[in-house]
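> Heads up: the protein sequence lines correspond to chains C and B, in order. Start counting the first sequence at 1031; every next residue gets the next number (the working numbering). Start counting the second sequence at 66; every next residue gets the next number (the working numbering).
Since the hints were made in silico from the structure, they are not lab data. Quick caveat: nothing in here was measured; it's all calculated off a predicted structure. A virtual CB, placed ideally from N, CA and C, is assigned to each residue, including glycine. Among the hints, erroneous ones may be present.
Okay, derived cross-link-like pairs now, DSS-like style, lysine-lysine, Cα gap no bigger than 27 Å in a straight line [as the list claims (entries may be wrong)]:
hint, chain 1, residue 1, chain 2, residue 2
1, B, Lys-839, C, Lys-1072
2, B, Lys-839, C, Lys-1141
3, C, Lys-1246, C, Lys-1424
To list a few chain C residues with every Cβ distance to chain B over 12 Å, as calculated [unchecked claim]:
hint, residue
4, Ile-1366
5, Thr-1414
6, Thr-1416
Derived DEER-like restraints, expressed as beta-carbon distance ranges [to be verified]:
hint, chain 1, residue 1, chain 2, residue 2, range
7, B, Pro-1027, C, Ser-1472, 19 to 29 Å
8, B, Gly-664, C, Ala-1491, 49 to 59 Å
9, C, Ser-1472, B, Gln-943, 14 to 24 Å
10, C, Lys-1246, B, Pro-672, 52 to 62 Å
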Amino acid sequence: MKRNNNSIFIFLILIVSIGFFPSCDSFTDFGDTNIDPNRTNKPVTAALITNAISGMGAAFITEGLYCQYFAQSQYTDGSLYSRVEGGFGSYSGVLYDLQNVIINNTDANLKTAALVQGSNANQIAVSRILKAYYFARLTDYFGDLPYSQALTGEVKPVYDTQQAIYNGLFKELDEAVKQFDGGVAAKGDILFNGNITRWKKFANSLRLVLAIRISKADAATGATQAKAALAADGGVITSNADNAMLNYPGGNFNNPWYAAYLTRQDQAISEIMVKMLNERTDPRVNSFATADKTGKITGIPYGLPREQAIQFTNANPTWSFVLAPSFRAAATPHAILTSADVTLARAEAASMGWTTENAEQLYKDGIKLSMEYWKVFTQASYDTYTNGALVAFKAGDNAGNLEKIRLQRWFTFYPDGLQGWSEWRRTGVPALKPTPFAINSSKQIIRRYIYPATEATLNGANYQAAVGRISGGDTNDGKVWWDK
Amino acid sequence: MKKHLLTLLLFLGVFSLAQAQRSISGKVTDAKGEALIGASVLVKGSTGGTVSDVDGSYSISVPAGATVLVFSYTGFNTLEVTLGTSNTVDVTLEEGILLEEAVVTALGIKRSEKSLTYAAQQVGSEQLTIIRQTNINNALAGKIAGVQVRSQSSMKLNSGASIRIRGAGSLSDKGPLYVIDGTPVTNSFDFNMDDVESVTVLKGPNATAIYGQRGDAGVIVVTTKKGNKGKGIGVEVNQSTFFDRVYILPEYQNTHAGGGESDLIKFTWNPGMPADWKVLDGKFYHDYEDDASWGPKMTGQEYIPWYSWYKSDKNPYYMQTAKLEGQPNNIRDFYNTGITTLNNVNFKTGGDHYNLRVSLSNQGAKGMLPNSGSDKYTVATNTNVDLGKYISIGANINYVTNRIKGEFSDAYANNSTGSFNAWFHRELDFNIMRELQGMTSPEGYLASWNHYNPAKYNTSPRNFYAANYWYNPYDYFNNRNIITNTRRLFGDVNLTAKLSDKFKVTGFIRRNEYQTDFEDKLNNILQLSGLQTGYFNAYSTQLTYFREDNYEAIATYADKFGDLSIEANGGVNMRTDKSKSISGSTSQGLNVPDLFTVGNSKVAQVPSESRSLKQVNSVYARGSFGYKSLLFVDWSARNDWSSALPADANSYFYPSLGTSFVFSELTANALPFLSFGKVRASVAQVGSDLGAYQLDLFYGLNANQWTAGNFLMATPDGLIDAGIKPSLSSALEIGTDLKFFNNRVGLSATYFKEKKINEILSIPITAASGFSSKLINAGRIDRWGVEIALDLNPIKTRDLNWDVTLNFANIDNEVKELTAGITEQLVGVNSAFTGFGVRQVNVVGEKWGQLRGGAIKRDAQGRAILDKDGLYTAVPNQYLGSVLPDVTGGFVSQLTYKNFSFNFNIDYSFGGKYYSLSDAWGKFSGLFAATGALNDKGNNVRDDVSAGGGVKVEGVNAAGEPVTMYADGFNYFHQFVNRGIAEDHLFDLSFVKLREVSLGYSIPVANTSFGKFIQGATVSLVARNPWLIYAQNRDFDPSELAGTFGENGQFPGTRSIGFNLKLQF
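Same shape as in the complex, but just chain C:
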């Protein structure tokens, strides 16, 4: 046997066999292996803007229950005020997409590459307006929110007060309008197709609506901002041609009400809404709801418990869906903000003495614009409507007239439940009563959304600080700052 020598061979061969393997470099250097072939690490800012705008359309059904635009035909827990919690998804979704556009047009290393999608200033201005729009939507649900430290990657952003957020939004809208330059308009603009004037009108109109929303919490700022909005470059939306409308292509991107009724059919116009429209012989009722074969519109009584809802629908099987079918087709444009909304906002600003505009004229103009928008305008029906006792201004009754303006605003925002609910929370108009069958402890209409449950875990200290500022705590009964 020759095993004596083997011990030496063993180690030699071990070393040789390891040497057989590829050289150290290719063994430890993987080149481009870790570059994802399915995705790109260079964002296209125009595509981010398109994505952000595509998210503006929403049906706001639950909120529409709280302001009693709608009623539920079957499972009525939502309209009986079962607990409701909000989401922060728009922060990491559309809001950061917009922030990302701003970063890519600001960062010295990135901004040149972004120019192919429009001038840096124009892309930033569009993004700031959209950001303000989304932040306003978000804060109106919750009140205080991360704002100044949000969208920075900071994992523990502080919650700013709603007042600070509103002031921030006014500043953003003001600066954005001034920021547009003469360069190429932002690409990917599916809202205004690169029309900068319309962007300015939208920004100023949004600023006006937000200014009025703080009328009870900080009237002085509200008045200042309302006047500034009206005076700002570009003015506000005054004609239906300038409405901020999201033009759905249909197919993969559909009108949200089309999408809602695609697989569900348990939302109805509320009986109270129908009643209030009919009391005023409002022709818009035919656009706001689906009539049965005989042309009749039947609302479902708001806030019925399940058993009574079943009894009602058994007795009234032809109850009415929300919106006439022509207003909820797949490619029906979806209103974000219309001239009627803005004109009535101007009427309210004038009526509150914030501006010197003619409140009554604006009020009537707003109604007319709305009827035109809903394709029900005839001079006769307009005259009948605006001359009706419940609609027409009463000389000397400032408070009553203001309430009429506010009621019209509530009508005009239909079916945008978020705006309708917010206006009701601010003004108490119309005088909605909570359903007597409420299942929440307070038996009151939901006033705000509870913060996402994850916030207590993920951003505990800041969350607790914000909750401490809400009387009644983080509940559906707390009030946001402007809701006095």
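Add chain B to chain C, keeping to what the hints say.
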């Protein structure tokens, strides 16, 4: 140092050669022909001896006059062989009766148990196949200390069990790595248990270090059977048939019918309705359209059942009324009896220079759900051939095809349990449902128990006849065809160069590749017949391809120098993971009904595709030194380079070191009852990396453009911490293995403590940051625990033998640190119902896997605070328990009496909680027993409180005074969902379960005329899951939870009874 050692070794070798007078050589193998490495070969009556080498060969110089060689190997019976004239002596050692002490360890190396420095529990084929499980994880349940098996209902044909080794050792809930004959396989399904020789579970880093990054949650090493030359022609046939029936179901109420209206409703005919319906005018029906069971009390009164309205040739009940009665067994009646058949035939042979085994299996199942089944074929081969003296070549090739048909969703709102436990009517008779499947209205709408109430007919026939939310479940399943075909190839080819008696080098090319072809077809009739069901005529398809290649070279060295034995391996491995998939699905219906192509989508869809590549290269070495049979030292070292890590920090190194001391070698005389005793200790580290493409923000493109040219792109939501590092687990383990009374009592105990740092983890962060998660190196998680395995052989006579194994583990852990400023990690939520469900979080300073959700507000004394209606107030985000059990274990008993054998296995688990969404909805919808129970006054809880009904609640009122009240039943059971209280739906995870029982009879064929042909024949009667001995809430089987947190609508527990026939030729 090394040089001196070598010199010493050489000297010893020369010395032994000088003594030689006659040289005997041969091979030492076990009964299966496997080489026994390191078997001791002694010349009887002298001190001269050697050990067998890496392929079991030995060569010994025998002094003149020596007549007997003694072969011994731990765990095997010692064999004495009288020397004849031949200089070649091949021996086969038989394994010891009680304990298999030769353990297959990392890299497939078979080692004597005494030399192991860590706990590695091995289960042999007998224990694994008490019954023939279709999945290895289920076969392991209760058999290994420290292994928690979460099985799944056998209704889910595609789903095995998940397995957790030593509790949760990482913040993410990682599963173990499966290694089959050295080839890593990601799926525990695709090998046949009939081919498994043994399974070794390597638990901690100490055992798994050599497997590197993928072994950090433990490794399950599977050794398959090999060919050998035995008696007979080497053919074995195995046939089993199981019958599966539903076992564990929730308890339902049987007092109230479906709907949301508590009284029967009078039907009034009107002229817009079919004239036939006049006969029902004035008769009563219950609310059909609400899909809960808050309907009228069932007293056998006359009513119009749901099916009465459909005019159809299939409907013998048209326009007939029926008696309104409870159907206590309706859910059980829905499910089919499942039939599972397992067939295996295998061939084996072997000779001096080759061995071969070919095994063919078929596993077929007719599912318990309608339109479900599976069919699996497995071919497993292994071959090894010696090409002359120095080279041998081998191949292990496995090919599996698996076709699975059916929908096995046990998520919320699925069409079986998701309906029965959440939205259903309790008066429904499944015999009628089964009878009327396929029945349609005259217009062609499938009949549904959940159609609208008759007044809706006036708006359109479809609005009345079609399904509101739910179809007849048979119709749903019959019209939904989901098929997954999988083809998998795995195995290796290897070449061994035996360069000397002590040294060999083996190269492997290993591959594990699979393709899946998935198709889902949903028939148009479902779209046509559904109002709010959400289903469209649809088609989706997906093709995926995955391939993992490992190129491996490993050198093995073993030698013995006097009392010192040495064994070492060095290896290099290159691994690539490649995958590709293409998928497409239709949207919002099909243009041509039931033409199942993606191009036929009503709304044009673009197929999506994905591909990925990852590479990891490694160099490793391990070795073991032994001094006599007394002291062993084990070490390993590994370095990995991963393409998924930052290019400048893609390398990580981790070592292990261990020792074992066999003190019984010294105490043999002093403690004769102690047959074997050792203590062991080891320390180890394991590194780990992450998946491909996670280090940069990569933007995906929405395949659908808004309008031409306006495409959409979203910023990824995962933020990435700069400077991601590999993670590292460090572990310490000590233990002892003791055997008493001639090996009839064995005890193995292990304590371990493991610390995992820098785990790479995507943790949720507040979306207000702009991102929803962040990839970080998470601080640290520690786990520790005790594992005890007790083997007993209380009875051992010629005819009667009883072996018992008891396992016990108590494992705990603590999340020590996450990342700067973050003390809680959200792992997940139970479902979309965040408002009233639970979230699973990891909290610094607490045990892993906490459930949090809304609790009932209580005063300082723990009394519930009740409002004036007797309802609770919620406190959100409260700690409701951990999902981890405290104690797990099992009990295996194997009894043989002459030709009979009786084996069973019990699995137990204590501690931990789970959440049940079924319980939440089952109560909300008035389905579960509690919603129709009697209160302490003997009245139904649904009766009016004023009439003595209502749910009795105790607590304090707003003023803090103790009160006892009766809450309205409907409101009481709705408050948990509506007010966000999860607490009511949490249950104890503890269970004791009899998992497997088999009674076998070995037919004594040898004495019959068949004896010439048949070597053995065994018949057995077997049962799977025969008895859930203990569970707090018997509505669900806690050993089969569908999710880590609990369940959202899981399938019922099942029980299988079957028989097995095994023939050996």
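> If a hint holds in the structure, say so; if it doesn't, say that too.
For each hint, the structure was consulted:
no.: 1; hint: B:Lys-839 with C:Lys-1072; verdict: 19 Å, holds
no.: 2; hint: B:Lys-839 with C:Lys-1141; verdict: 26 Å, holds
no.: 3; hint: C:Lys-1246 with C:Lys-1424; verdict: 24 Å, holds
no.: 4; hint: Ile-1366; verdict: 16 Å, holds
no.: 5; hint: Thr-1414; verdict: 32 Å, holds
no.: 6; hint: Thr-1416; verdict: 36 Å, holds
no.: 7; hint: B:Pro-1027 with C:Ser-1472: 19 to 29 Å; verdict: 24 Å, holds
no.: 8; hint: B:Gly-664 with C:Ala-1491: 49 to 59 Å; verdict: 54 Å, holds
no.: 9; hint: C:Ser-1472 with B:Gln-943: 14 to 24 Å; verdict: 21 Å, holds
no.: 10; hint: C:Lys-1246 with B:Pro-672: 52 to 62 Å; verdict: 54 Å, holds
Violated hints are absent here; each numbered hint is respected by the structure.
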